[in-house]
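Peer 1: Listed below are the residues making up each chain.
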Amino acid sequence: MQESNGINTSVSRRDNAIARFSRDLVITVLVVVSFTTLIIVLAGAPPLAAYYHIFKGSLGSWVKLGHVIRVWIPLTLCTCGLLYTFRIGLWNIGVEGQVIMGAVFTTYVLRFGMDGRMANFFLIAAFTAGVAGGALWALIAGYLKTKGGVNEIFAGLGLNFVAQGIILWLIFGPWKRAGIASMSGTELLPRELWLSYVSTIRLSPLGLSLALCAIIVTAIMLRYTKIGLCLKALGSNPNAAHIFDLNTRLYMLLAMVFAGGFAGLAGSMQVTGVYHRLIPAISSNYGYLALLVAMLSNYNVWIGPVVAFFFACLNVGSIQLPMMLQMDSSLSGVIQGALVLAALAVHAWRIRARRIAEETWY
Amino acid sequence: MRIELRDMHKHYGSIKANNGINLTVEEGTIHGILGENGAGKSTLMKVLAGYIPKTGGEIIIDDKIQDYHTPADASRRGIGMLYQEPLDYPPLTVLENFMIGQAGGVSNKTLRFREKLEDLIRHFNFTIDPDVRVKQLTVGERQQLEMLRLLSLGIEVLILDEPTTGISDLQKEALFNSLRRLASEGKSVILVSHKLKDSEALCDRVTVLREGEVTGSMEKPYDANELLSMMFGEPPLPSTRSPVEYGGTVLSMKNISGLGERTGLSRCTIDVREGEMIGLAGLEGSGQGVFLRIAAGITKPTDGSLSFFGEDMSGKNLHAFKKAGVVFLPASRLEEGLMPDLSIQEHFALKEGGSSFFVKWDEARSESREKTEKFRVKGTPDTIAEALSGGNQQRLMLSLLSKESTLLLLEQPTRGLDVESTNWVWWHLSKYCLRKTAVIFSSTDLDEIMSIADRILVFFDGTIIKDVKRDKTDTKELAKAIAGKV
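In the order they appear, the protein sequences are chains R and S.
Residue numbering for the first sequence follows this note's numbering, starting at 3 and increasing by one per position.
Residue numbering for the second sequence follows this note's numbering, starting at 142 and increasing by one per position.
Be a bit skeptical, because a hint or two may be false.
As the list claims (entries may be wrong) - Incomplete in silico selection of chain S near chain R, CB under 8 Å: (1) H460; (2) E487; (3) K492.
Just so you know, the hints here were simulated from the structure itself, not pulled from any lab data.
Here a beta-carbon is modelled for each residue, glycine too, at the ideal position from N, C-alpha and C.
Start from the sequences and build out the full structure, keeping to the hints where you can.
Peer 2: Here's what the structure looks like:
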């Protein structure tokens, strides 16, 4: 009955899916815009002006766009990493701490090259260390999960606090600037250890290409490799692992290593390409934000970077708000949060509708 | 209460699950709804029970057209349904489950409900204990509980969806007796089934559905051949099996004990030879599941030794069992056997293993095409496992088996399958025996075991109390063993 017109159904099914997706998108955006507008009105600011400033502040000039991309890079790296853990059904909320530890490990290596000699060697070593730092931090959570049965959300959250503690201790303790210890961070790196950038828009081509590579590598890994397939399989049903002789623990750890590695890379970028020193807020909450990006993009490796770009625009654009409208810049957070909640609500609502419609009929 | 369904329609997109069904159920009768998997039986009953909305048609209760939209509405009108999977709260006790949805208000009515429940249990000669937690009950006992709960809500029409699936013969007998009693007390019973024997034994009248339409109905006495042709268009062939010569010993267990289910497994000693087809009989949860999982290397035995082809397997991991050619297919296909979100093609790619870094999608695709055709799985390489029907899921699982398997362990391999799929499964498995593979399967259907197995192990309370060749025993003797009498 279903086979006879298999091709027709699959085509119409795809059309339906696109129609459904567009409808969901429109509903989500409408909900978010009305909610945000309400917040702005309640805060006593003109909504249209607020949106205008966010737009102008993010895409209004090449310099602003450069800013946006500098935010987009770590956000995209973290999002790519999270796709591995979400694939196998792990909630790697510890990605924030993994960014921090990546930055810490990077700084540790760079501190040996403060005289500016052998800069390229130290940069490569620092990036490697950053990846390793993030991966190690993720592995701890993964190990607690696979060996100790500790939920990865709790382990990750705990490790985030530990990482935050470590970075504060380093900045105010062993790594403080001679004579002063302040929130502004460690000593500035010598120019040689800065990631080279295009001076007009302050954007590092290397950073941009690393992020693009991360997207492509992730897409290939998830779609075309055994690892990607096994992650998906175990995410779908860990109880059937024995049928296919899959080592669940191994793949969980592997997913954590990938997620932590990408997050650590983001941390390295923050140190060498953006702040050129270690600061307490080095992660800029990009880890948490990346969780939202991954969810909002429905864990799709191609949609993820687009959503990340939009979020980066919001983040950069909302910096204008305090200056122009005396509003708090946290409006971007409100919009981002509302977006994810609305998207999840619409998604859940659609799944429910589908469940009712597709109730098993035999 | 008299129920009449007029021109019932239920459509899912272009699929017509119910296409103009007319059906009348008289008061005080047991009415069977027969049909193979996918005939639209469950859909029709779920509509009647208010569980899913209808697309068109009328439900007439005692000559009045009724319109309702939820199961609660339906039960207020006296219609209640026992679903295939019991809908209860496993961590709570039997009594607590019984009280849910009935006991309102602040005051503690436990005593009153305990009395009510115990009365009902006695009335139907059931065996459940009000203070046991539901998660410790068998499927059959959970059914009994759900039935009593519905009855105490004042149900006049009881719908049962495949109630004999996964329950023992004893529980089936208790169930059937209670249903006959209900009918004699003036209540109506609707039995949804694809098992001819159950319907013949119980129903006053049956209606047969095929592909969403009524193909006929019949009153006692039934003509089995005619019913089968209404169900399938033509009667399916009974499975046949040619004799096989046994080879060397595949699996050898000595004094194996293990934990699991309610009874565990204690001191089990057997040898299994190449080409043997062994049926595991016994009440559900008497140790068959533990036995199969220990043999598969999934559960570790607490005591005793186990070997394959003479090689001791104690302390070996699951991977070593796989390497020895042991395959286990669990009863719950979507929970333990397949990856619900993965497509057929992805299952084949996953099975492939190998050491290459990239998935060979072309190979997986062509293999899945070839195998789905050979195994008659109704789906394309891109169909996800969850979207397949039960029979097709089972075929998919079988199509994933390696030909080089030395020992197949199958837990209720034909559970929930229609006659045609069942016959196909046995025909397929018998080919394994010809290749000297040993096959061990459990089943709750004694007739199935008698017609398929060469050798039968009867489990009782965690031990094998009978180990006998099929041609040296009969159903009566086995039934006695199942009940614990040797």
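Peer 1: The structure should be examined with respect to each hint, and the outcome stated for every one.
Peer 2: Here's how the hints hold up against the structure:
no. : hint : result
1   : H460 : 6 Å, holds
2   : E487 : 6 Å, holds
3   : K492 : 6 Å, holds
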